[in-house]
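*Asks:* Can you make the complete structure from the sequences, with help from the hints?
Residues -21 to -1, 1 to 397 in mature numbering (1 follows the signal peptide of the UniProt record, and there is no 0) are what the sequence shown lists, from first letter to last.
Please keep in mind that the hints were generated in silico from the structure rather than gathered at the bench. Quick caveat, the model's predicted, so the values are computed rather than measured. Treat the hints with care, as some may be off.
[To be verified] No more than 30 Å apart at the CA atoms, straight line, and that leaves these computed lysine-lysine pairs for DSS-like:
1) K252 to K356
2) K316 to K37
3) K175 to K287
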Amino acid sequence: MIMKRGLLLFFSAAFCIPAFTQRKNFTYNFYGFVRADLFYDTRNNETTVSDNFYLFPKNTVYDADGKDLNAKPSGSFYTFCTRLGLDVTGPRIWGAETSAKIETDFGGFSSSTTMLRIRQAYINLAWSHSSLLIGQTWHPLFGEVSPTVLNLSTGAPFQPFNRSPQLRYRYNHTYFTATASAIYQLIYQSTGPKGKNAEYLKNGMIPELFAGIDFHKNKFLAGVGVEMISLKPRTEATVTQNVGGEEVSKTFKVNERITTTSFVAQIKYTESKYRLAAKTVYGKNLCHLSVPGGYGVTSEDPTNGSRKYTPYRTSSTWVNAVYGTKYQVGIYGGYAKNLGTSQSLANVDNGRYGSALDVDQMVCGAAHFAYVLPHWKAGIELNCTTAYYGDINMSTGRVGNTHAVTNLRILGLAIYYF
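*Replies:* Spelled out as structure tokens, the structure:
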């Protein structure tokens, strides 16, 4: 019922647009596409969006006969990544050109059904050499460089993937663009004692911050950036104490915080028929960007349960090459390495939070072929990803005694643009 009402409102607004196109100094551009994904996997995987957003294979889980419960093939067919959007330009204000975007798809999920969700929704003020964006759009670590692949995950978990509410200021020069952003969380959230939750950043009272610069000339772009995020994992803790020979649970207010910085470097070269791109990220606690990592407890105060934390450090790199216009071929390679923690991890209950913390490294190789027309795209992609699972060394956070787990995903894709 919620989805039906959302669809009714959206299409009602879309079809009412012609009635407003005569408003002075306003223009409207309605766009979107219908997307169909047919895929097959050789084993169970870590995914989101009902398996459509593919990340990496799950670890082995053996039954009583020693058979891997996750070693089972599966496949499905979905169209809920179909997209609808509206671009609006309006009158000038404070000497700036004004514009807005609303973009949605059907990739939001309740307990039993797909729903409309906000992908992007922002206002933009653009002056001659600068701009101010207010609203939800791509996270700056996704940036101006992303791989050209067919899978919905767009290179994740090697490529950061996130759209979040933010305030973004950009200064544009002939040969460079400088970006500064203050970012909040909505759909893509940090993880912690309560699982994925935006309250860790909210309680920290400091938005995620980013600063970067991209140098560009003709068909070449190269950039670097730095990110900082500060979380409060808990505001209260419960401990069990012995009082008069009896075990009594007490709750205390605690002041915990973990602050981390991450770095990114990217490069892209584009010609009429081919494109080369690469990105590398040295990250700490970037699991809200679909990147492996997180943080863990280093110590716990027995008097009030207060904890201290250390981040996992992760290095991830990808390269991508694409050739062709009407007939397009592309290859993609990704590598991620768990670099462990700078401090020893404490052996406490519920003491590690994040993604792929028991994975030492991941390797991905993919190739695709696509047939591309102005309003149509169809293609097939093969993606082979191997994750090396193992045992966590509590002194270093690194993973040893590893074994390889591999999945092959075969994807067929058809998109009709309008």
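*Asks:* Decide, hint by hint, whether the structure agrees.
*Replies:* Results for each hint:
no., hint, verdict
1, K252 to K356, "holds, 16 Å"
2, K316 to K37, "holds, 17 Å"
3, K175 to K287, "holds, 19 Å"
The structure fails none of the hints (numbered hints given earlier).
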